[in-house]
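Student: Single-letter residue listing:
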Amino acid sequence: MLKFGRDDRLNHVINLRSNKRIEAIEITKEIKEVISKSNFSSGVAFIYSPHTTSGIMINESYDPSVAEDINSFLSKLAPKDRDYKHLEGNSDAHIKSSIIGPSKTIIIENEKLVLGTWQGIFFMEFDGPRSRNVYVKLIKS
Amino acid sequence: MLKFGRDDRLNHVINLRSNKRIEAIEITKEIKEVISKSNFSSGVAFIYSPHTTSGIMINESYDPSVAEDINSFLSKLAPKDRDYKHLEGNSDAHIKSSIIGPSKTIIIENEKLVLGTWQGIFFMEFDGPRSRNVYVKLIKS
Amino acid sequence: MLKFGRDDRLNHVINLRSNKRIEAIEITKEIKEVISKSNFSSGVAFIYSPHTTSGIMINESYDPSVAEDINSFLSKLAPKDRDYKHLEGNSDAHIKSSIIGPSKTIIIENEKLVLGTWQGIFFMEFDGPRSRNVYVKLIKS
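Protein chains in written order, with the working numbering: chain A, 1115 to 1255; chain B, 1115 to 1255; chain C, 1115 to 1255.
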């Protein structure tokens, strides 16, 4: 599938591991490292989760309780046990994934991510603990 | 508006028809055909629904009951009949459309869509049956 | 941060002011002006809110009650007062922001936005009144 070699300036994979079933893992630093090592000046970073029970979210990272409130909200909204048809027992995680979405895009200018003052980037785990990947594709403007 | 001729390698329209009011229609095969006939090697595919009562979703396609669980969830969340202001009687469909979103973006590498093992692409109908269009724009990286 | 000068054809900032706590502000005209003054023929417009208590939405703009129904729905779904952990009292606005999402992307063809007949673009304020910015980045295809 994806063979993102070191020589490919535009394609990157971030590996991470979640420790709980539901967890917001901040990846802002990792994404910034991708930009800075890519020598990429202007365009957008496209950040993609290839999984069906996780998502990518941009929200406040200064106070970690914001992401916790979002996860508590989602857990009440789509409880784990309900009369779901899918027999694997993780339909709630698929639902949360589709609400948050599998990707986000962020502007890059002057070799820097253009995030708002309070914004951070999160990998949202909804069916952990698991090993996960995040793909980053840089697109010139 | 859009005049996507055959000669235009980067712009494509997929026509489809929904058969129920609420329906998840998988379009992974159609999107893959667009990529392969475009001779497009590296970038992203931007997949867009120009309608206000539908959406584009990426989630598990291996077991169709996942998309059915998501639609059941959305129907309980935003029931058709409530004290809505909009008089056309389909406010629930507009709400579902904004939760799922009108578009998704997917990486293309080596002339192939980079989807996760279990991921498929769905046109989400929330106010059918109708004739619908999906626009696909290929963007070089 | 962003220093989008007049000479930069691809980067634009739209300033706006919300007047209520929760408000859908249509910005379709402003985005169209950005495209037309940029002399930009083909690609996508990436529209981004750098705030954590707002979002960008595409939905019906012909009848303003559609956006009002969506905001009423979101307000019932995530009420302002609940047992949230975040102490600023606006966790509901962060939640709404993550449901709607901080950005949308729209195709540009022949120097025009490719929107469906009924679609408009909205800045969704969830914790106003405030001064807000919307970034627009044009990306060639």
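For the record, the hints were derived by calculation from the structure and aren't laboratory data. Treat the hints with care, since some could be wrong.
[Stated by the list, open to error] Residues on chain C that point at chain A, a partial pick, calculated with CB under 7 Å:
#, residue
1, Lys1199
2, Asn1204
3, Ser1205
Just so we're clear, the structure is a prediction, and the values are computed from it rather than from any experiment. Don't be surprised by glycine CBs; every beta carbon is placed ideally from N, CA and C.
Student: Each hint should be assessed against the structure and marked as holding or not.
Tutor: Right, here's what the structure says about each hint:
Because the closest C-beta pair between lysine 1199(C) and chain A is about 4 Å apart, less than 7 Å, the hint holds. Taking 7 Å as the C-beta cut-off, the interface hint given for asparagine 1204(C) is violated, the closest approach to chain A being about 9 Å. A least Cβ separation of about 4 Å between serine 1205(C) and chain A falls short of the 7 Å threshold, and the interface hint therefore holds.
Consistency note: the structure conflicts with earlier hint 2 alone.
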